[in-house]
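With the hints as constraints, model all of the structure from the sequences given.
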Amino acid sequence: MIALWMTLLPWIGALCLLLFKGWMDRFSRFLPGLVAAANVLLALLLNLQGSQQPTLVSLEMGNWPAPFGIQWVNDSLSSFFALVISLVLLALVLSRGFARDKEQQASSDVYSSAIVLILSGAAFGLLFTADLFNLFVLMEIASISLYALVARSRHPTAPVASMRYLLLGGVGSALYLLGIGVLYAKLGTLNMADIALKASSLNPAALQLVPLLLLLGLAVELEMFPFNAWVPQVYGAGGAFVPGFLAGVSSPIFALLLLRLVTVVFPVPQLRTVLLVAGLLTLVIGEFSALASRRLLKMLAFSSVGSMGMFLLLVSIPGAAMLRSSLFWLVMMLLAKVPLLGVAAYLQRQFGTDRFLELRGIFSQEKSAGLVFLLSAASITGIPLFAGFRAKIQALVSLASAQYWLLILPLLVSVLEFVYFFRAIRWMGMEPPESAGGKPVLPGSLEGFSRTGTLFLFSVFALLIVIFGLFPQGILDSIEVATTQLFDPVVYARAVLGGM
Amino acid sequence: MLNLLVLLPLLGVLLSRMISTFSEPLARWWSVLVLGVNTVIIASLYGNWGSAVLLGQVIPSTANRPAIHLALEINPLNWIFALVATVILLAVALFSIRGMSDLENGGKNLKTYHVLSLLLSTSVYGFFLSENLLTLFVFWEFMTWVSFFMVSMGKPRSRSAAMVFVTMSALGAATFLGAVAIIYRLAGTLSISGLSTALYRQPAGVGYGIMGLLLFSALVKSGTFPLHTWLRKTHGHAPNVFSPVLSGLLTKFGVFLGAIVFLLFPVMKWSPQLFSLMGISSFNYLFAALGAVSILVGTFLAIRQEDAKMLVAYSSVSHAGYILLGLAISSSLGVAGSLLHVMNHALSSAAMFLSMAAVYHVAGTTKMSQLGGLVDKMPVTFATYLIAIISTAGIPPMGGFVSKWLLYQALIEKGMIFLATAAFIGSIGSFLYVFTPLAAVFLGQRPKALEHAKEVPVVMQIPMVVLSLFTILLGVLPSIALRWINGAIRWIDPQASWLTPIPITLSKIQGAFGAWDSVLVFFVFGLGVVFAGILFYLFRKNRRVGYLENYTAGEVPVEVIQSPELYHYSYQFYKPLTDMYAKFPSMEEAYEKGIAGNIARLAAATAHIFYNGSVRWSVFLALAGTMIVLGVR
Amino acid sequence: MLIVESILITLLAIAYGLFLMGFDRKITARVQKRYGPPIWQQYIDTIKLFAKSTISHGFIFDMGVIMALGGTIATLLFMPVGDWKVLSMSGDLFVVIYLLAVALLGMAMSAVNSANPNASIGIMRALTQMLGYEIPWLVVLVGMMYTFKTSSIWNLVGGQAGGFSNWNMVRMPLGAIVAFTTLMGQLGKKPFDTFIAPAEIASGPMVEYGGKYMGMLIVQHAVGMFVEIGLFVNLFLGGGANIGIFLLKVLAVYFVQVLVGNVLSRFRVEQVVRFHWKWPMVLAFVQSIWIMVVGVR
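Chains as they are written, first to last, in my numbering: chain R, 1 to 500; chain D, 1001 to 1633; chain F, 2001 to 2297.
Quick caveat, the hints were computed from the structure, so don't treat them as lab data. Any given hint could turn out to be false.
Which residues of chain R face chain D? A few of them, derived with a C-beta cut under 10 Å, are [stated by the list, open to error]:
| id | residue |
| --- | --- |
| 1 | Leu291 |
| 2 | Val419 |
| 3 | Ile425 |
Glycine included, every Cβ here is placed at the ideal spot set by N, Cα and C.
Structural data, given as C-alpha cells:
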C-alpha cells in the first residue's frame, strides 16, 4: 500500500490545491514540501519493510487480479530507488520553494505547485507500475506537466524549448503507443510479467518490432540520441526545479524502466545492439557538445546526456555485473548532477547569467556554491575516492570484461569531460574576478534564509558524494539485492501474477 | 608505520587549516614537521621489504575475482623513489617558509596553498608506495586534481597552463585506466609485484598492448616526447615553490610507471615473439628511440628559452628522455643508470628550480635578460645552481656524471650508435643551456635595480645547500645509491636471468667495457685544483676592479656606465645556433592549434548540427533515427 | 709517489705544450714567409705574464681560472703518456672527455664574470662550436669502444700493438680523418677559431685577462693541447712505446694541424656546427657502423 500512497499523496495534494484554490494559496508554499517529506518517510518505511522481507509485494487495485488490474509492484529495485528519488525530489521541491519570487502572484504559483505535485506522483507511479499501459499514461502525465512547467519558466527561450520538447515527446509517445498497440493485439495483455512469460509465443517479426518501438518511445525521456534535441534548451531555460528533476528524477526512472524492459520483459539481442549504437552515439555527441558549450547549464545538460549514453552502453551488454555497474552508475551520477545543476541554477538566479566568461572568479564570492560545484565536478569526472570514481571504475571494468574496444570511446570522452569541467572551474574558480569587489548581485535574487537554505540542500548532496565515495558499501549492497531480483524474472512474474 | 606515511599528511591537512587560522607562518613549519617525520619513517623502513598495509576497498570482490584494495607496500624499487620524493618535498617545504614571495605578493590564499601542498604530499607518498595499479591510479589522479589548483595559483597565465596540464594528464589517465581495466579482466589482480606472474600466460600481443597503454600515460606524466608539450607552460608559470616539486618529483610519477612497465611485466617472456632490434625487442627500441628524440627536443628547445624556469622545464624533458632510454634498453647497466639518474635529476632539477625561486624572491623575475651579476650578492644560490648544473650536464665529480656514464656504457654495450649519438648531443647540449642562466643571471653586468639585492634568508639557503651536498655525495660516493639500486635489481629479478647487479666497491664502478673510481676522480680533480691554486697564489697579488672598468677599446661609452645591463650579453644567447632551427615547426603549437583546435571545432560543429537547428530539424532527426532503427533491424 | 709523479707529468705537459705553441708560431711565420720569433719565445712570454700585476673581476673570475687549469691537469693524470701510466689504469675515456668539460666550464664562468660582452660572445661561440665538433668525435669513439669492447684508454692503446698496420689510423681511416678534424676544433685551430677571433671580438674570452690570469690560461691551453693531441695519438696512432716516441707523434700531429690551419680561413660559428654535422658526421657514422659490423682483422 505504501507504494501506492507515494503516488496518491502528491496527487491528492495537487487536487486540493486546485479545488480549493482560493484559500489554499497560503498552503501552496508548504504543501509540495510537506508532501515530499512525507514521501521520504514512506520510502523509508518501504525500505525497512523490504529489508526485512526481500520478496516482491504486489498490489491489486480494485481487486482485479493480475494481469488485468492496475498493479503497483514493489521489488527491492524500486523501493531502493524510491528512497533515492524521494530524497532528490525533497531537495528540488525545497529549493524551488526557496527560489520563489516574492513578486510572483500567489495564484500563479498554485498552478506551478500543483504541476510539481502531479509530476512527483507520476514519477513514483512510473517507478512502481507493472503495466505497460499505465506506464504510458503516467509518462504522458509526467511529460505534459513538464512541458507546462518549462513553458511557465520566464527564460526567453522557454516557449521554444517547451515546444521542441513537446514535439519530440509527441513522436516518442506515438511510437510507444504503436508498440503497445501491436503488443496488445498480439498477446492480449500489457502486464510486464505476463508479457515476459508469453513473449515466446509472439511471432518473430513482432518480437523484433515491439521492443524497438517501446525503446524508441522511452528514448525521448532517456535523452537518447537522436531524440534528445530538446535537452540543452530545456535545461538551459533553468529554474530551480526542472533541470534537477530531469537529471535527478526523470531520466533515472526511465532508465530503470528501460532496465526492466531489457532484462525482464524482452531480453532480445537486437534491442541490445540498438542500445549499444545509440549509447555510443549519445555518449560521444553529448560530451562533444558539452565541450562546445559556453553556458554552464547547457554544458551540464550535455554532460547529463553523456552520462545517460554511458548508461545505455552499459545496459546494452548482458550479464549481472553489467547490470550492477549500470545501476551504480545511475545513482552516483544522479548524486553529482543534482547539486551541479542546482548550483548552476542558483548562479543564474543570482547573477542573471550562466556564461562562464561572465561568471569569472565567481566562486571567490560564492564560496560554498564553489565548494559544492568542485566536489560534484570531481565526482562526475571520476576523481578517485569520490562517488563518481567508484562508478566509473566499475563501469570500465565491466566494459573491459565484455569487449576491449568498448573501452576506447568512454575513455576518450572522459578526457573531454575532464577538460570542460576543469575549464568551468578555471573560469569560475581560479581566474580573478573582473572587478575587485566581485560581481553585483541582481535585485530579486536569493538572500538570507532562502540563499542559505538552497546552498545547504546542495551541500548535503556534496557531502553524500564524499561519504558514498569513501563508504559505498551500503549502496552496493542495495544494488546487489536489486540486481539479484531483477535477474530472476520468473520470481518477478510469480510475485506479480500469483502462483502460476 | 606504512599507513602513517599517507595518514599523517592527510591529518596534517586538517591541523594545518586550524593552525593557519591563527598563525599562517606556523602552518608552514607544520608542513615541514609532518614531512620531516615522514622522511624519518621512510628512512627507517629501509629493509622492511614486503611489509604492506590495506587502506580500504575499491573494487568489491565478485564470484571469480578478489577485491581490489587501496593498499601500500614497500619494496626495494619503490623505496628509492619514495626516498627521493620525501627529500625533495621536505627541502621544498623548508624553502617555502620564506620562499613564497610570488604567492604572497600576488595576494593568493596561502592557507589554501598549505592545505593543497600537504594533500599533494599525501598523494606522492601513496603513489610511490602503492601495492597495486589501482592504488597507483587513485593517487595519480589525486595528484593531478591537487596540482591543477596549485599550478593555477601561479602567475596570471598559469590558469591556461593548468588547463594544458589537466588535459594532458586526463589523456594519460584515460589510457592508464583502460590498461587497469584490461589487466583486471585478464589477471584478476592488480598487484604490482605480482604482475609478472599474473600476466605470464598472456600472449605477447596483449602484453605489449597493455604496456603501450601504460607507457602512454608514463610519457605524459614524465614529459617525454611526443607528449612533453605541457611542461614548458606548466613549469614556467607555476608558483616558484611548486616548480621544483613538479619537475623533481611529479614527473617521476611517469618514470615510476615506466619502471613498473619495463621491469615488472614479464617482458622477457614476450620479447622473443617480437622482431628484435640491436639486441632488444622492437617495442623497447621504439621507446628507447622516443627517449632519444626526447633528449634532442628537450635540449634544443632548452637552448632557445629566455625564461630560466622554462629552460629548466625543457631540461626535464631531455632528462626524462635519458631515463626512458635506460629503462627501455632494460639491461643491467641501463636500468641502474636510469634509476640513479632519477635520483640525480630529482636533486639537480629541484636545486635549479629552488635557486631560480630564490632569484625570483630577490629580483622578482626569472627572465634572464632582465637579470645579471647576482653572484656577488647571492653566493649560496649561485653555488647551488653551479653544482646542480654540473650534475645536470653530466660532468664529474657530480652525481649526474655517474648515471650518464652508466647509460653510455649500456648504449655502447648494445652498440646502439644512433641512440648514443642522441645521448651525446643531449649531454653536450645540456652544457650549452645550463650555462645560459649561469651567465645571464649570476654573472656579467648587474642592472642598477639589483644593486641592493641581498642573499635569501638562511631558511631558504639550508635546503639548497643540503640538496647540493647530496648531489656531490652521489658524485663522490655513488656506491651508496648503487647499493640500493642493486637491491632493487635483485628484487626485480631474483634469478638474475636478465638483470644482474652492477659490480661495485665503495669507490669503484664497473661498467660493461670499463671501470672507474669515483673517489679517485674526485681526489685527482682536487689535486689538480690544488696545483692550479698554488700556481695562482704563488704570484703577484691582483687588484679588484668593478664590472664597469672593462676593456672597451680605450673608449668609455656613457651608456655602459649609466645602464650597465646594456653591456650584458644575455638576450638570445645562442642566436647563431638557434637561428639554424628557428623555423622548425613547434609541437606545442601543433597540439594547441592543430589537435585541440580541431577538436574544439568538431565539438562546436556537433553541437551546432544536432542541437542548434530549428524545431523542425530536431523532429526530423528523431524521425530519421526511428526509421533507421526500425529499418535496419 | 702519486703526487710526485703528477707534478712531474704536469710539468712535462706544460713544458711540451708551451714548446708546441712556440713551434706553432715559428711554423706559421715560415708559412707566411716571415722569420718568426725564437721557438722559446712562448716560455719567455708566459713567465713575463706571471710576473706582471693585473686586475681581477671578483671571486668567480679567479676561481674559474683555477678550476680550468685544475680540471685540465686532472684530465692529464688519467691519460697514458707513452708508457707512463700515472692513473690511466683507473680512468676511462668518458672520464677523460668529461673532465675536460670541467675545465671549459671553469674558463667559461671566469670569462663571463669579467662582464665584457666580447667574452660572453666568445664563450657562446666556444660552447656552440663544441656542440658541433664533439658529436662526430664521440660517434667515432662509440664505434671504437664497441669494436674493442673496452672504454679504457690503456686497453684501446694496447689493442693497436703490433706495428703500424694495427694502428687505428689504418684500421679506421675515415674515423681518423674525423678525429683529426674535430681535434682542430678542440684546439681552436683555423678554420675553427671563431671563439678567439681577435679581429671580431677582441680575442673573445681572453679580452679581460692580463698578467698571471693570462699566464694561467696559456698554461691551461698548453696542458689542454697536450691532452687533446695525446688522446688522438693514443687512440689512432698506437700511443707510444716510450715517452719520446709519444712526444714525437704529438709533435707530428700538431705540425700537420698547424699547416692545415694556416691555409684555411675562419668559419662563422654556425658554419662550424653545420660543417661538423655534415661531412665529419656522415664519415663518422660510416666508419663506426662499418667497423662495428665488420670488426677488426
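Task: Unmet hints by their number, sorted upward, for this structure - done: none
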